[in-house]
Amino acid sequence: DAKTTQPPSMDCAEGRAANLPCNHSTISGNEYVYWYRQIHSQGPQYIIHGLKNNETNEMASLIITEDRKSSTLILPHATLRDTAVYYCIALSSGTYKYIFGTGTRLKVLA
Amino acid sequence: ETGVTQTPRHLVMGMTNKKSLKCEQHLGHNAMYWYKQSAKKPLELMFVYNFKEQTENNSVPSRFSPECPNSSHLFLHLHTLQPEDSALYLCASSQSSTGYGTDTQYFGPGTRLTVL
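Just so you know, the protein sequences line up as chains L and C, in that order.
Numbering of the first sequence is given in this note's numbering, commencing with residue 1 and proceeding in unit increments.
Numbering of the second sequence is given in this note's numbering, commencing with residue 1 and proceeding in unit increments.
There's no promise every hint is true.
What the hints assert, rightly or not - In silico DSS-like links for lysine-lysine, alpha-carbon gap of 25 Å or less: (1) K3/L with K40/C; (2) K36/C with K97/L; (3) K52/C with K18/C; (4) K3/L with K97/L; (5) K52/L with K3/L; (6) K52/C with K97/L; (7) K36/C with K52/C; (8) K36/C with K18/C; (9) K97/L with K18/C; (10) K52/C with K19/C; (11) K19/C with K41/C; (12) K41/C with K107/L; (13) K52/L with K107/L; (14) K52/C with K3/L; (15) K69/L with K97/L; (16) K22/C with K52/C; (17) K107/L with K52/C; (18) K97/L with K22/C; (19) K52/C with K40/C; (20) K36/C with K22/C; (21) K69/L with K52/L; (22) K69/L with K3/L; (23) K19/C with K36/C; (24) K36/C with K3/L; (25) K97/L with K41/C.
The set of hints was computed from the structure by calculation and includes no laboratory data.
No experiment lies behind these values; they were computed from the predicted model shown.
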């Protein structure tokens, strides 16, 4: 599975959009990009995933570049409850081995 | 609420104790997973069960013994643990861990284990 690289930390003002980048320059054609978040000492929460196209759900939007070498998770209106560690994972189709890195610690500021 | 529950949420045990962690999923999934998350470290996959059969043991010491009696329940039996085994133990489930397409995992809240 492709290795992903994320900035270690980011701050975002409450009510503003939080844009979390992820680099996956070695991603292969059948690898999906998954995003999870982990609020302090809780289990990771699934947010969204995608292959090529941009995706949107009630929690967030996922923008994948055309060459698929990077992606951005967008929380459109960040709240204090969005403060968490966000993980970007590249997962091959038909496999289950999530490889969690150290993620991005997002702090939403009042 | 993800549909995956874990009990107990917190556990303190001595090195000579025997205890068990329990995980139950209400999602109709066929695959279940145990992960370990030590302080300041990424999640590490420990075991995978698919249709009640163990399909992965990620070089986990034998003092951790998993059991999967059916697709909805997963246990982690603990005995003679060491203080360095103190961690957050997370259970997850997915539709199936083989096959094509994606297989989103849903995590429980975890059990915070402290070994004295």
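Evaluation of the provided hints:
{"no.": "1", "hint": "K3/L with K40/C", "in the structure": "19 Å, holds"}
{"no.": "2", "hint": "K36/C with K97/L", "in the structure": "14 Å, holds"}
{"no.": "3", "hint": "K52/C with K18/C", "in the structure": "23 Å, holds"}
{"no.": "4", "hint": "K3/L with K97/L", "in the structure": "12 Å, holds"}
{"no.": "5", "hint": "K52/L with K3/L", "in the structure": "17 Å, holds"}
{"no.": "6", "hint": "K52/C with K97/L", "in the structure": "18 Å, holds"}
{"no.": "7", "hint": "K36/C with K52/C", "in the structure": "20 Å, holds"}
{"no.": "8", "hint": "K36/C with K18/C", "in the structure": "18 Å, holds"}
{"no.": "9", "hint": "K97/L with K18/C", "in the structure": "29 Å, violated"}
{"no.": "10", "hint": "K52/C with K19/C", "in the structure": "21 Å, holds"}
{"no.": "11", "hint": "K19/C with K41/C", "in the structure": "24 Å, holds"}
{"no.": "12", "hint": "K41/C with K107/L", "in the structure": "19 Å, holds"}
{"no.": "13", "hint": "K52/L with K107/L", "in the structure": "28 Å, violated"}
{"no.": "14", "hint": "K52/C with K3/L", "in the structure": "30 Å, violated"}
{"no.": "15", "hint": "K69/L with K97/L", "in the structure": "20 Å, holds"}
{"no.": "16", "hint": "K22/C with K52/C", "in the structure": "15 Å, holds"}
{"no.": "17", "hint": "K107/L with K52/C", "in the structure": "40 Å, violated"}
{"no.": "18", "hint": "K97/L with K22/C", "in the structure": "22 Å, holds"}
{"no.": "19", "hint": "K52/C with K40/C", "in the structure": "32 Å, violated"}
{"no.": "20", "hint": "K36/C with K22/C", "in the structure": "14 Å, holds"}
{"no.": "21", "hint": "K69/L with K52/L", "in the structure": "11 Å, holds"}
{"no.": "22", "hint": "K69/L with K3/L", "in the structure": "11 Å, holds"}
{"no.": "23", "hint": "K19/C with K36/C", "in the structure": "16 Å, holds"}
{"no.": "24", "hint": "K36/C with K3/L", "in the structure": "20 Å, holds"}
{"no.": "25", "hint": "K97/L with K41/C", "in the structure": "17 Å, holds"}
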